[in-house]
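Q: Listed in order, the protein sequences are those of chains F and A.
When we follow the numbering used here, the leftmost residue of the first sequence carries the number 1, and every step to the right adds one.
When we follow the numbering used here, the leftmost residue of the second sequence carries the number 1, and every step to the right adds one.
The hints are simulated quantities; they were obtained by calculation from the structure and are not laboratory data.
Keep in mind it's a predicted model, so treat the numbers as computed, not measured.
Hints are supplied without guarantee of correctness; some may be wrong.
Result set (DSS-like, lysine-lysine): computed pairs, CA atoms no more than 30 Å apart in a straight line [what the hints assert, rightly or not]:
(1) K109(F) x K89(A)
(2) K150(F) x K237(A)
(3) K14(A) x K2(A)
Here is what each chain is made of, one letter per residue.
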Amino acid sequence: MEKKNGNHKELVVSAIENGTVIDHIPVQSVFQVTRLLRLDELSSHVLIGTNLDSKKFGKKGIVKVSDKYFAREDINKIALVAPTATLIEIRGFKVTEKKQVEVPDTIEKVVRCVNPNCVTNVENVPTRFRVINKQDVKLRCHYCEKITDKRNMGFR
Amino acid sequence: MKNRSLISIDDFSKEEFIRILDLAEEFEKNPRQRILEGKVVATLFFEPSTRTRLSFESAVNYLGGRVIGFTDAASSSVKKGESLKDTIKTVANYCDLIVMRHPVEGSARFASEVSSVPIINAGDGANQHPTQCLLDLYSIRKTQGKLDKLNVAFVGDLKYGRTVHSLTQALTQFNTTYHLVSPLELKLPSAVKIYIKDAKLDYFQYTDLSEAIPHADVLYVTRIQRERFSDPIEYEKVKNSYNLMAEMLKNAKPNLRVLHPLPRVNEIHEDVDDTRQAYYFQQALNGVYVRQALLKAILGL
Chain F
1 MEKKNGNHKE
11 LVVSAIENGT
21 VIDHIPVQSV
31 FQVTRLLRLD
41 ELSSHVLIGT
51 NLDSKKFGKK
61 GIVKVSDKYF
71 AREDINKIAL
81 VAPTATLIEI
91 RGFKVTEKKQ
101 VEVPDTIEKV
111 VRCVNPNCVT
121 NVENVPTRFR
131 VINKQDVKLR
141 CHYCEKITDK
151 RNMGFR
Chain A
1 MKNRSLISID
11 DFSKEEFIRI
21 LDLAEEFEKN
31 PRQRILEGKV
41 VATLFFEPST
51 RTRLSFESAV
61 NYLGGRVIGF
71 TDAASSSVKK
81 GESLKDTIKT
91 VANYCDLIVM
101 RHPVEGSARF
111 ASEVSSVPII
121 NAGDGANQHP
131 TQCLLDLYSI
141 RKTQGKLDKL
151 NVAFVGDLKY
161 GRTVHSLTQA
171 LTQFNTTYHL
181 VSPLELKLPS
191 AVKIYIKDAK
201 LDYFQYTDLS
211 EAIPHADVLY
221 VTRIQRERFS
231 DPIEYEKVKN
241 SYNLMAEMLK
251 NAKPNLRVLH
261 PLPRVNEIHE
271 DVDDTRQAYY
281 FQQALNGVYV
291 RQALLKAILG
301 L
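Construct all of the structure, not just a fragment, from the sequences and the given hints.
A: See the structure below:
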């Protein structure tokens, strides 16, 4: 992956027969993305690139996963730490889906509420948040109504 | 409002608040109406409370309904390790409505999602206490003749006081100007202040109570909780600055009334009790009427 020119990079991306490419990941979030998607638990091919040159962002990270398509829930997670990321799905060497990840209006299950005394941290209750700020990500808990933001965000 | 739970103060619209307050006014005129005959209300208090529980039970009894429940978690199946979900689903089989107080924040919202009968939140940790909020609104309207465009001063523990949080939020619908008086350590949290900012209303912050008094129509005093302070010296320093005495009300507007959710410790001197500004005991009585109004509206009677 290191030191690719534009053409070669295209080749590597399309070299996946089936699977998912997550491009334009901010460099500081690459390994957070790999953790959030639990890539360490997969048995298929996983390629992780970071500090790659990007025309748009200067430096970027990229993750390529063979034979795996992610659920909406997982993609939401990425949007919280890597709002600039692009999601590319490949089937039979062809790009079948390409879209910008987006912070959704509500976040379910993946984020832990910052409040230790919230019912979601005490009883067996999946978390639910309303996104009250998409740029400087701020989530209001549907249950305890406290705000979880970028600085104190943890993932389940 | 029929069959809807009341969990957080923003579950109800401004019009619905007003409807409850109007209904409460009727109950104030005639509190003994047997409209709850044959109905069972469960009061589940996972955390002890005197005022809220008794005023709910009093409200149900005046209306001819019956009350079941428990007064602390130690005497319930929670002690055997039962989940909140199971407790609620079971109790919902035995009653028409559940009133609950629980020390965990968000527990009432969760209960309303698993319960087959409506839930009234009587306090969930430091989060919400909407029935207190409604009785506060009732008391404000009663003493000021209106809710719109009032100057409301909140005094004391603005950080952890859930009654302050609920009332602050509700008053954003009524063009309120806020005067926030607290020690620096106990300022209103930004998660609550955001409601004032979003509504584009004015707020002023003070540490000195006497500065805020001349501006206020309503002085909403709360207890400063000693246990919140890590440094006991800090607590000693601030506790006396909020000892409201009768002579401090000299510069107050003639319509000013002093409210307090109670219990009070030393933040209001007893010499205030005999002034015409003192309203906190009447405020506690208003709780019965407001809860009667809620029971009527939610049970659709």
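Q: Is the straight-line distance between the alpha-carbon of K109(F) and that of K89(A) 30 Å or less?
A: holds (23 Å)
Q: Quick one, are K14(A) and K2(A) close enough, alpha carbons at most 30 Å?
A: Holds - the C-alpha atoms of K2(A) and K14(A) are around 16 Å apart, at most 30 Å.
Q: Would you mind confirming whether the straight-line C-alpha gap from K150(F) to K237(A) stays at or under 30 Å?
A: Not satisfied, since the Cα-Cα distance of roughly 35 Å exceeds 30 Å.
Consistency note: the structure conflicts with earlier hint 2 alone.
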